[in-house]
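Q: Now for the letters of each chain:
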Amino acid sequence: MTTTTEEPINEPVPAQPVIDVRSVSKWFGNVVAVNDVTLQVFPGITGLLGPNGAGKTTILHLMAGLASCSDGSVTILGEPVRDNPAMYQRVGVMSEHEAVYGFYTGRQFVEFAARMQNLKPVKEPVDRAIEMVALADAQDRAVGTYSRGMRQRIRLAAAMVHDPDVLILDEPLNGTDPRQRIEFHETMVRIAEQGKTILISSHILEEVETLATRILLMVSGKLAAAGDFRAIRAKLDEQAYKVRVVTDSPRAMAAALVGMEEVDSVSVGPEEGELIALSRNVNALQLSIPRLAQEHGIRLLRVEPMDESLESIFSYVVER
Amino acid sequence: MVPVFWLSMRQLTGRWRVILITLLAALPVGLAVIVHFAASDDESFDENFIDVLLDGMLVAGIMPIVTMALSTASFGNELEDRALSFLTLRPIARWRIAIPKLLASIAISGPLLIASGVIAALLGFDGSVKAAVAVGVAVLVGVIAYAAIFTWAGLVTSRPLVFALIYVFLWEGVISSFINGVNYLSIRGYTLGIMHGINESEFQVLSERAIEFPAAIVGAVAVTLVFTFLGVRRLRRMDVP
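Residue numbers (the numbering used here), protein chains in the order written: chain A, 1 to 320; chain B, 321 to 561.
Keep in mind that a hint or two might mislead.
As the list claims (entries may be wrong) - Beta-carbon label-pair distances, calculated as ranges:
{"#": "1", "chain 1": "B", "residue 1": "R335", "chain 2": "A", "residue 2": "T38", "range": "47 to 55 Å"}
{"#": "2", "chain 1": "B", "residue 1": "F549", "chain 2": "A", "residue 2": "P80", "range": "19 to 27 Å"}
{"#": "3", "chain 1": "B", "residue 1": "V541", "chain 2": "A", "residue 2": "S147", "range": "48 to 56 Å"}
{"#": "4", "chain 1": "A", "residue 1": "A136", "chain 2": "B", "residue 2": "D559", "range": "47 to 55 Å"}
{"#": "5", "chain 1": "B", "residue 1": "A413", "chain 2": "A", "residue 2": "S147", "range": "34 to 42 Å"}
{"#": "6", "chain 1": "B", "residue 1": "D371", "chain 2": "A", "residue 2": "P121", "range": "23 to 31 Å"}
Claimed, not checked - Only some residues are given here: those of chain A computed to face chain B with a beta carbon under 8 Å:
{"#": "7", "residue": "F42"}
{"#": "8", "residue": "A64"}
{"#": "9", "residue": "L66"}
{"#": "10", "residue": "P85"}
{"#": "11", "residue": "A86"}
{"#": "12", "residue": "Q89"}
{"#": "13", "residue": "S95"}
{"#": "14", "residue": "F112"}
{"#": "15", "residue": "N118"}
Worth flagging that the hints you see were computed from the coordinates, not collected in a lab. No residue lacks a Cβ here, since even glycine has one placed at the ideal position from N, Cα and C.
Starting from the given sequences, assemble the full structure and let the hints guide the process.
A: Structure follows, in structure tokens:
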């Protein structure tokens, strides 16, 4: 799918990329936000992952034509993205921080987007877009009264109202609840099945895990890894995670933990009663600890993962 | 262009902004009513009326302030709210975003300020329609030129109000009062030049400082075109947050 700077995980790719980013850099004064990134995006759902500050929003802005590249080039569907408004007939973008016009009702907001897309008549596409984000019941309420999740969805409707071939969505799941995420996933899968291209950014790995088949990992402005999601996930799963356990009986707890299959090693931490357990199956470990404590009559004071952040995961990928 | 125009009209007509600019625009009328009844027999009435009320208060003060409040906000607020990307991510040329926004700020400030100037002129010049027309046309031209400058300012600086206040009070207010040549590069100078050019007899008091009528027209048109062009160009080239 892409060219990477570190140990790429390749997969068979179609000939023509829909989004083609070539040697792109973007700097603001002395700060390099995106550093020599080359990647391609093909039809289907691609996740753009990275911790906050990794350069995801900047690269999406460059792809969307909102910002100019300091170096390199971006094309979508073979056309340059900068100063090319006609491109937005086929591209829909939902940026992360974009505000909504609170005085419009949800329907008026999507209608406005439809008019800006030169759609005539607007009724049918507006109905379809609102239906797609399941906001038909709230469409006549002012957007200013919407919850954050509802605003995200009405913005998504506005981005999709013209049925674009390419959808670029920056953190679209911010503020949405689990039910809305499921609906969002279903919507995206439906759209992707029509042969469209969807690029979704997120700083939460699990958010994209079930959705995207291909991912792009960005760390510190660089593309750290790219390719099939499962292959990258398998690599991540090779990493042992640290879990901190604080208890009133550290010796007994350490003995119990060492006997567990999921635990690679246990060490004593600096705090009184603190243990650091290394595990490749951190979820199973966290579920087992309370059971172990109960069985051995140990009082648990704290159980917490120490390095579950994306940053640590990505650092691991980059360092390999 | 029509959807952007109506969107901008709605954005710019927030309750407090409308109340504030309406009160400001009403000030010259209120003052004109007072002086009409209190001091219109005074020998130097016409001179003082033009100097203090029309030039000092309306042209040099209220007209730029009201236009500034609207025009700097037309893009300034969108940039602050990060709402501009919603417009620029659509398949329309950037000038079709910039021009309606400019027109919206003119459509709100223009009628208010023209009405203010015309009513004040009718009161100050004992119902002279010619004087009222001169003030109305001059204010319209001034509003359009100011709107072009301040709309551009809203795009190039994150502090457009500071820029606009410095420009209005330093350049238009202080410097143009002391240096005659600056009137050729001043919206206030163009406005007074047009006022005087349309009605020389009743605005004779301006003859020493008003620039020539053709120069005023050319200057105002040039400023409007240049800053509109710069605004559109800026919108095309800028990184939209």
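Q: Indicate, hint by hint, whether the structure satisfies it.
A: For each hint, the structure was consulted:
| no. | hint | in the structure |
| --- | --- | --- |
| 1 | R335/B to T38/A: 47 to 55 Å | 51 Å, holds |
| 2 | F549/B to P80/A: 19 to 27 Å | 23 Å, holds |
| 3 | V541/B to S147/A: 48 to 56 Å | 50 Å, holds |
| 4 | A136/A to D559/B: 47 to 55 Å | 36 Å, violated |
| 5 | A413/B to S147/A: 34 to 42 Å | 35 Å, holds |
| 6 | D371/B to P121/A: 23 to 31 Å | 57 Å, violated |
| 7 | F42 | 22 Å, violated |
| 8 | A64 | 6 Å, holds |
| 9 | L66 | 4 Å, holds |
| 10 | P85 | 5 Å, holds |
| 11 | A86 | 5 Å, holds |
| 12 | Q89 | 5 Å, holds |
| 13 | S95 | 5 Å, holds |
| 14 | F112 | 6 Å, holds |
| 15 | N118 | 7 Å, holds |
Figure legend: structure checked against the earlier numbered hints; hints not met, in rising order: 4, 6, 7.
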